[in-house]
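There are 2 protein chains.
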Amino acid sequence: MKIHNFSSGPSILPPEVLQKASEAVLNFSNSGLSLIEISHRDASFVEIMNSARNLALELLNLQDKGYSALLLQGGASLEFVRVANNLMKVDGKAGYINTGNWANNAKNEAAYFGEVIEVASSKDKNYSYIPKNIVVPNDLDYLHITSNNTIYGTQFKDFPENNVPLVCDMSSDIFSRNLDFSKFDLIYACAQKNVGTSGVNLIVVKDELLDKTNRSIPNIMNYKKHIERESMYNTPSVFSVYVSYLTMKWLKDLGGIAAAERRNLAKANLMYSEIDRNSLFYGTAAVEDRSVMNATFFLKDESLTMAFDELCSSEGIYGVKGHRTAGGYRASMYSALPMTSVQKLVEVMQYFETKVI
Amino acid sequence: MKIHNFSSGPSILPPEVLQKASEAVLNFSNSGLSLIEISHRDASFVEIMNSARNLALELLNLQDKGYSALLLQGGASLEFVRVANNLMKVDGKAGYINTGNWANNAKNEAAYFGEVIEVASSKDKNYSYIPKNIVVPNDLDYLHITSNNTIYGTQFKDFPENNVPLVCDMSSDIFSRNLDFSKFDLIYACAQKNVGTSGVNLIVVKDELLDKTNRSIPNIMNYKKHIERESMYNTPSVFSVYVSYLTMKWLKDLGGIAAAERRNLAKANLMYSEIDRNSLFYGTAAVEDRSVMNATFFLKDESLTMAFDELCSSEGIYGVKGHRTAGGYRASMYSALPMTSVQKLVEVMQYFETKVI
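Protein chains in written order, with full-length UniProt numbering: chain A, 1 to 357; chain B, 1 to 357.
No lab work stands behind these hints, which were simulated from the structure alone. For clarity, every value in this text was computed on a predicted model and none was experimentally measured. Take the hints with a grain of salt, since some may be wrong.
Label-pair restraints from in silico Cβ distances [what the hints assert, rightly or not]:
(1) S216/B - E47/A: 38 to 44 Å
(2) E16/B - D139/A: 39 to 45 Å
(3) K225/B - Q350/A: 41 to 47 Å
(4) S273/A - V46/B: 51 to 57 Å
(5) V46/B - Q350/A: 29 to 35 Å
(6) S182/A - P338/B: 36 to 42 Å
(7) E228/B - G316/A: 46 to 52 Å
(8) Q350/A - M1/B: 53 to 59 Å
(9) N178/B - K93/A: 22 to 28 Å
(10) E16/B - Q350/A: 29 to 35 Å
(11) V46/B - V90/A: 50 to 56 Å
(12) I117/A - A286/B: 41 to 47 Å
25 Å max Cα-Cα, derived DMTMM-like pairs, lysine to aspartate or glutamate [stated by the list, open to error]:
(13) K2/B - E208/A
(14) K2/B - E115/A
(15) K2/A - D42/B
(16) K183/B - D139/B
(17) K225/A - E115/B
(18) K321/B - E16/A
(19) K344/A - D309/B
(20) K65/A - E208/A
(21) K321/A - E230/B
(22) K249/A - D139/B
(23) K65/B - D309/B
(24) K20/B - E115/A
(25) K20/A - E16/B
(26) K2/B - D309/B
(27) K89/B - E115/A
Chain B is faced by these chain A residues, among others (derived, beta-carbon under 7 Å) [unchecked claim]:
(28) I3
(29) S7
(30) L13
(31) G32
(32) Q73
(33) S77
(34) V81
(35) M232
(36) N234
(37) V238
(38) W250
(39) G319
(40) H323
Where a beta carbon is used, it is the ideal one built from N, C-alpha and C, also for glycine.
Could you put the whole structure together from the sequences, leaning on the hints where they help?
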């Protein structure tokens, strides 16, 4: 049975990426050795790392604009700390917009290193919307935004005007839509949604932003050190870097972010149309803030949960349960998800409606 | 041509591990989905994570002895920071034994968090030996030792008497020899030598050691938090965890550490016998401190370098160049390396001798 993978991350990857990654585990580049047992200093892997870093800048249209790209271990949760370490001055102050669990975690981890203020929040309505008309103080070391809130299905469509360095956690929507990425000073993303699989983070940072705080930080936390060492300060997560390289290359061959955005909008439009049409379901995110990546929805009658879960399972729909803190359902529609999977889920929701009513 | 993989890490893995890992990238456990695109909260992966953590304790004979095992991202270089964060009291003091680059890096990273003293060092002779008769002060928050020095080919055979918590970076010799592991309070290792492939670290820590410092540390740096969340505080490096699980299971089926030790000693004996016998080569590590994992050696006549490199290459010998800071040659003989590969390298060295002389 064909499985339709709506997992929120780790999440669906293009079949050709999985095929090449699987082959490389047995025999990388006709070397007679596995990708995962060669030295990371081997010329063949150094080329992968460099190509991956360049591809990231190319896809974001940030080549030759004073940015560097890194692929580091640790998960986005480690970048919460690295960002504060690298950008928050001693006795400085950072601003965070609290639009969900991850945004809140980022803020809390930064608070270990200095003053952190909540510039805006949507916690009052269980993170179901994106705050508007945000006034950003001018005395911040940086402003931190989580562009897409995976758990709650909300997404920034416009970013607040500001005169401070702008840091964005794009873990769940990087490479999915066109933005003027040069408006951001630092972008980071865990790989396991739109970049590749878990085990590596992409960081894209404006070089001139770094080394300005006088804060004394360990080398492993220091973006400048990682840039000097071309993302090889310590042994990288070789397999995860390779999967990111393959996925970014797939995206480039597809037509880059512009092509991904068209596909993603079409999928999201179909999905939200059905959530709004179907008499059994309702969405919770404010309509104007709905995420193109993660559509969250609930059954009006919760007693139907088991029946709908069983139907999904029997029809090959995987990973639509909502986050354990949010409940309900969530269809994650990252760039690698084909339109046919959304069509299938919509058909299943329609069939369920005819069966129940 | 059969390739003999002497890489220092990422390094050789058992063929059956590579086969299973490659298959899982296409279809994990007959799910119709790839291992690297399912949720890390999927029951099938949770079972892998739990099994891997249990296997680590079982192999070290530390089950039911108050230890916990974690598999976290970041590389050993991140554990340098985590160890200091979790164990060094505010205004406390830690002791480090400086037996090589990595030991020195561990010390330098810890120095960002408090006073660090060098309890002993072998830097005076380019790290070619292990310091003896070490006197460990009683007022340390912990003593840090690097059990095997990959770059220089030295290894602690006995560990110094001490009355403080003992922390050991076993990145390059964990699971390779029998020790009384209960003498250690915290053991950590990057996976890419004897545990699996890069992208994950194994940490084994005595529970009672934690949460004693009053130091305020971010969640992502907090071992206690990771233990509470069963090594799933944030998304793990799924593929690397799976490869570690497969490799530890392979080791258990082989007969555990005792069996690995027998194999490893036999390989090292053959290798060092040839280094000592062959008139073209010499070893640099003090004989009594020679590493069973990494044999370092040099050509007496450096003008023969290109010829020997070409011979190795043409005979399928991969990864024997020494670390870029040390030069010469290094044969890494981790547990997955078969005896036949050492025999091949020895034959090549013998043939080279007959050709030159």
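Given hint D139/B paired with K183/B - CA-CA distance at most 25 Å
Roughly 18 Å separates the two Cα atoms, so the pair holds.
Any CB of chain B closer than 7 Å to the CB of L13/A?
Holds. Min distance 5 Å.
K89/B and E115/A: Cα distance at most 25 Å?
holds, 23 Å
Measure nothing beyond the straight line between the CA atoms of K2/B and E115/A; if it is 25 Å or shorter, mark the hint as holding.
Measuring from Cα to Cα gives roughly 59 Å; hence the hint is violated.
For the pair we were handed, K344/A and D309/B, check the Cα-Cα distance against 25 Å.
Since the Cα atoms of K344/A and D309/B sit roughly 57 Å apart, the hinted pair is violated (cutoff 25 Å).
I want to verify a distance hint. Is the separation of the beta carbons of K225/B and Q350/A within 41 to 47 Å?
holds, 44 Å
Does D139/B sit within 25 Å of K249/A, going by the straight-line distance between their CA atoms?
Cα-Cα ~55 Å, so violated.
25 Å Cα cutoff - pair K2/A, D42/B:
holds, 18 Å
That 53 to 59 Å hint for Q350/A and M1/B (C-beta), does it hold up?
holds, 58 Å
Outcome for the supplied range 38 to 44 Å, where the beta carbon pair is S216/B and E47/A:
holds, 42 Å
Restraint outcome when G32/A is required to lie within 7 Å of chain B by C-beta distance
For G32/A, the interface hint holds, since the closest Cβ of chain B sits about 4 Å away, which is under 7 Å.
Taking the least C-beta to C-beta distance, is Q73/A closer than 7 Å to chain B?
Because about 5 Å separates Q73/A from the closest Cβ in chain B, which is inside the 7 Å limit, the hint holds.
Comparing the model with each earlier hint shows violations of hints 2, 4, 6, 7, 9, 10, 11, 12, 13, 14, 18, 19, 22, 23, 24, 35, 38 and 40; every other hint is respected.
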